[in-house]
Amino acid sequence: MNVFSSLNVAAARLARRGNSPAAERVARTAASLESGPEFALLRRLLSELPDQEADQVIAGVLPEGAPDMLAVALRAIATRTGQVCADDIILSSPAEMIFAGRIAEVREGYVLLVQVKGPSTMVPRWMAGAAHREQVGDLLALISDRLDGASAVVEAVPAIEIDDPPEIRGFTPFGRGDAQTRSITADDAQLLARPPQPLRILFPVTIGE
Amino acid sequence: MTGESWRIRAGSPNDRELLTSFACADPAVRWQVEVEQFIQAQLLEWAFEPLAAEGDPRLLLAFTATGELLGVAAHERAILQAADRSQFHATKLEVIAVGLKWQGQQLPTGERPSDILMSAVMTETEGLAPPPKKLAPP
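From first to last, the protein sequence lines are chains A and B.
The working numbering puts the first sequence at residues 28 to 236.
The working numbering puts the second sequence at residues 141 to 278.
There's no promise every hint is true.
[As the list claims (entries may be wrong)] Restricting the straight-line Cα-Cα distance to at most 20 angstroms, the calculated cross-link-like pairs of lysine to any residue (SDA-like) are: (1) K232(B) x Q224(A); (2) K241(B) x D166(B); (3) K232(B) x A216(A); (4) K232(B) x G202(A).
[To be verified] Quick look at which bits of chain B chain A covers, simulated, 3 or more residues with Cβ under 8 angstroms: (5) 148–159; (6) 174–184; (7) 215–225.
[Claimed, not checked] Derived, one-sided and incomplete: chain B residues facing chain A with beta-carbon distance under 7 angstroms: (8) E189; (9) D255; (10) I256; (11) S259; (12) A260; (13) M262; (14) T263; (15) E266.
To be clear, the hints were calculated from the coordinates, so they are not data collected in a lab.
A virtual CB, placed ideally from N, CA and C, is assigned to each residue, including glycine.
Next up, chain A with everything else stripped away, as it sits in the complex:
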């Protein structure tokens, strides 16, 4: 069984939008992840399962009796993929928004997906079902691919819990997707509490195009 990183899909989306440099960079990162120890472990564990169960795992369902190491391998890959996305200026942009949360309510036509600290959204139940996540407590992610100012493609994918505290992932001030880059903390406010100074332009400048 060949297993590929989901970053390949992100690379394909970037290529479709005409952003070849970013597509190439993300595809190279995907190849790097696929050659790493996390994928090697996952491939080995999947190869030891019956084909039908291996297919289930790829679809987001851990079969009963699956080895604990399988969940460990999946979490490791999800963590590494999340790190790459958070650190990448394009993958962390608003055009690549991912809404991940836990299903809090199940209704006839929809499920209510709630982020741990954040907003909620309704998801058509058939989408959640297609991702094998339609029970209260299930983890589900929505990947939106913006097409233009008023439309997007939204894909529901199964999510898993990962231990990924921010202090491990690190912080980059350049990521648009990291809320820390847009938040003024109480300490910041203390530092900035004096009246703002007017801008002082030392030299007259005209910007050429």
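On the provided structure of chain A, position chain B as indicated by the hints.
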């Protein structure tokens, strides 16, 4: 415009090679290396993301009269969240860097490259920015 010994222009997608070779970091200083790597590898994509608003974000490049890249600056409009969770419009200075060769130096006409870059950024952003917001600690 230009001073006698410098000029500023907006960056373009054709500036990849120029930015890839831009050096501004002391390799021993981690945050400087982070800035340099961002400029070399990701700044163009940040500035020219296909779905970005027209004219925002902005990338500015400062050159000597002979065409040498002196420094780089970039900014964009953003919505920030204050400590009391209220939101306000702001201009975010994404990055500003002076090339290694020009750090601590003056141009032949006496200006410091950092002053030129900051003047360029402020000239652009003063027309965009809302009135300064006073931030009160909670």
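For each hint, the structure was consulted:
1. K232(B) x Q224(A): holds, 16 angstroms
2. K241(B) x D166(B): holds, 11 angstroms
3. K232(B) x A216(A): Holds. K232(B) to A216(A) sits at ~16 angstroms (cutoff 20 angstroms).
4. K232(B) x G202(A): Given pair K232(B), G202(A) holds - Cα atoms ~12 angstroms apart, limit 20 angstroms.
5. 148–159: It holds, with 4 qualifying residues against the three required.
6. 174–184: holds (count 5)
7. 215–225: holds (count 6)
8. E189: holds, 6 angstroms
9. D255: Holds. Min distance 5 angstroms.
10. I256: holds, 6 angstroms
11. S259: With a closest approach of 4 angstroms, the S259(B) hint holds.
12. A260: OK, holds: A260(B) within 7 angstroms of chain A, min 5 angstroms.
13. M262: holds, 5 angstroms
14. T263: Given a least distance of 5 angstroms, the restraint on T263(B) holds.
15. E266: Result: holds, 5 angstroms to nearest chain A Cβ.
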